Amino acid sequence: MSVPVEDGTGFGLDGRDAARFADILARYPTRRSALMPTLWLIQDRDGHISDAAVSWTAAQLELSEAKVREVVSFYAMYRDRPQARHVLQVCHNISCHIMGAQPLMIHLEGKLGIRRGEATPDGEFALEGVECLGACGMGPCLQLGRHLYEHLTPEKADALVDGLRRGDPPRPDTDRDLEE
Amino acid sequence: MNQDQYRILSKRFGRRDGHKLAAYEADGGYRALKRAVGELGAPAVREEVKASGLRGRGGAGFPAGVKWGFVPPGAETVYFMVNADESEPGTFKDRYLLDYDPHAVIEGSAISSFAVGAKLCVIYIRGEFGWLVDRVQKAVDEAYAAGYLGRGAFGGAYELEMIVHKGAGAYICGEETGLINSVTGLKGQPSIKPPFPAVSGFLGQPTIVNNVETVAAVPWILEHGAAAYRKFGTEKSPGTKLFSVSGPVRRPGVHEIPLGLPFREFFTDWLGGMADGEELKAVIMGGSSVPVLTAAEAMETALDYESLAAAGTMLGSGGMIIIPQRCDMVELIQVLMHFYWDESCGQCTPCREGTGWLHKIVKRLRRGEGAPEDLALLERVCDGMAGLTICPLADAAVMPMRSFLQRFRPEFEALAAGRRATEPDSRWAREIRS
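Residue numbers (this note's numbering), protein chains in the order written: chain U, 1 to 180; chain G, 1 to 434.
Simulated from the structure, these hints should not be mistaken for lab results.
Do not take every clue at face value.
Said to hold, decoys possible - Simulated coverage check for chain U against chain G, where a stretch passes if three residues somewhere in it have a Cβ under 8 Å from a Cβ of chain G: (1) 29 to 40; (2) 75 to 82; (3) 88 to 101; (4) 133 to 147.
Stated by the list, open to error - Taking lysine-lysine and the DSS-like style, the derived pairs with C-alpha atoms no more than 25 Å apart in a straight line are: (5) U:Lys67 / G:Lys34; (6) G:Lys20 / G:Lys138; (7) G:Lys34 / G:Lys119; (8) U:Lys67 / G:Lys187; (9) G:Lys50 / G:Lys20.
Keep in mind the model is a prediction, meaning the values are calculated, not measured.
Beta carbons are placed, not taken as given, at the ideal position from N, Cα and C, and that holds for glycine.
Based on the sequences and whatever the hints tell you, model everything.
Printed below as a string of structure tokens:
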């Protein structure tokens with residue numbers, strides 16, 4: 001795979017990620033249209049999109065840095081700085097609200113000793129209120145990584161946090177591969 | 001009533017292996033695509049779908065076959081996009097299709113792409129459905145390996161490329177021009193219409209955007225024929241529809257019903273009524289953006305496009321939110337106005353400023369800082385937003401705001417007169433400090 005993988009800042013993709021980037025470029029019809037999947041590739045590896053990653057992406061896709069940065073800042077899921085290890089995103093929209101999202105959020109704030117929008121000092125947990133996650137009939141729910149935790153109760157939320165602290169593999173409700 | 005007789009879209013829901021190619025093919029999957037390419041040809045496919053009366057299931061309800069017909073004849077490059085950005089609060093039906101029946105979505109997308117002459121199909125899945133992006137990508141890989149997609153498919157007769165595109169958290173990308181701009185690599189801000197995407201969309205070429213549920217119905221329609229599809233539903237609202245139901249009912253979740261079903265029957269037989277100790281107060285029929293109905297109004301209407309319009313609301317996405325008696329309607333509208341303010345893309349002033357003001361005014365009412373004239377002010381802000389923006393997000397905020405205010409006015413009036421609502425935020429603040 002002859003992909004230029006590094007720029008002057010030392011940022012680059014290698015191995016499997018470089019191959020994936022080449023695949024994205026091959027499948028999307030223009031370089032600009034490859035922007036969102038490229039940003040996902042970077043964030044999935046690094047946890048966020050750094051300034052160096054923005055410069056690298058701009059150079060690779062022949063865009064100005066401003067055009068990359070405006071996309072990073074427009075979309076809620078792209079992060080431009082390092083995140084806590086576990087970011088708990090509690091849905092606070094209408095269906096989950098009716099089913100008890102607010103008491104759940106209050107409970108998690110107490111459990112973690114932080115407010116929504118904050119992270120624990122050890123960088124292990126962050127707590128966020130987010131808009132509808134598409135689990136309205138299974139609320140209240142929260143998102144962690146690529147999965148959702150549904151029908152949450154204070155007990156279930158405690159078990160999740162305690163398990164993550166112990167390093168247990170989490171068992172999300174949307175991971176149907178667990179059933180197979 | 002046997003509810004299983006209406007399963008067109010939901011027949012593999014809950015099945016463990018339903019998402020796998022082998023199970024889908026064993027059910028007769030991909031036969032419709034083979035027939036479309038091998039026997040029917042694109043014009044006949046378009047005709048059949050048009051005759052079925054299938055309407056767009058994303059919210060607008062526009063007939064799919066008619067939309068396809070807007071692609072200029074002889075257009076060389078056409079794109080097809082599947083809107084799986086499902087972000088309308090209360091809506092989680094497409095998620096079931098992507099999870100349990102990804103091959104029906106892929107086959108329907110391929111047939112639809114064929115019908116409009118597209119060589120590239122993009123399935124745009126909201127970023128929060130990370131696990132579904134993986135699931136659909138796996139199914140797309142299976143379809144490529146089986147020779148349904150890609151170079152050499154159907155002996156070279158129809159070679160469709162399919163991309164699974166992951167969004168990144170923006171409600172506005174569910175609007176079709178916002179979605180197209182997002183795939184282009186831009187902020188997901190909508191474009192002014194006309195030109196409509198069917199004439200000038202992705203990269204300036206004709207582009208058709210259809211909802212997941214719309215395309216998922218297409219294989220069944222080709223297999224069984226438009227007349228069979230029209231046996232379900234009403235004259236003007238043919239077929240079945242997925243309703244995703246949330247709130248304290250006995251059986252929340254995704255239910256497939258024939259359009260035209262009376263709400264009362266759906267509520268009693270499908271949903272099993274309210275959960276223990278709950279009483280029905282209000283219903284949002286089709287996602288958070290449609291006007292709310294009181295329990296009494298809901299009980300008198302039926303679930304199809306025309307009946308709901310006559311009742312003063314819309315079928316929308318079919319995201320039904322059941323509101324129990326214990327809920328404070330002003331608190332709920334604050335939750336919704338926060339959402340629209342948060343999700344406004346910011347390019348049109350009436351929406352950017354209006355959503356923020358609606359949220360601020362409702363919030364100050366709940367804090368006990370409101371004034372009696374605030375109710376008229378809310379209405380004036382709504383008047384300054386509706387129909388005055390590039391896309392319908394402003395209207396999507398105005399419809400719940402106006403209808404909550406109109407149908408539950410005494411709750412707003414009590415706050416405007418100086419009563420203070422219980423403010424949950426102060427509770428957590430105290431807990432944190434102690």
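Going through the hints against the structure:
no. : hint               : in the structure
1   : 29 to 40           : holds (count 10)
2   : 75 to 82           : holds (count 4)
3   : 88 to 101          : holds (count 7)
4   : 133 to 147         : holds (count 11)
5   : U:Lys67 / G:Lys34  : violated (42 Å)
6   : G:Lys20 / G:Lys138 : holds (9 Å)
7   : G:Lys34 / G:Lys119 : holds (16 Å)
8   : U:Lys67 / G:Lys187 : holds (9 Å)
9   : G:Lys50 / G:Lys20  : violated (30 Å)
Going down the numbered hints, you'll see the structure goes against 5 and 9, while the others check out.
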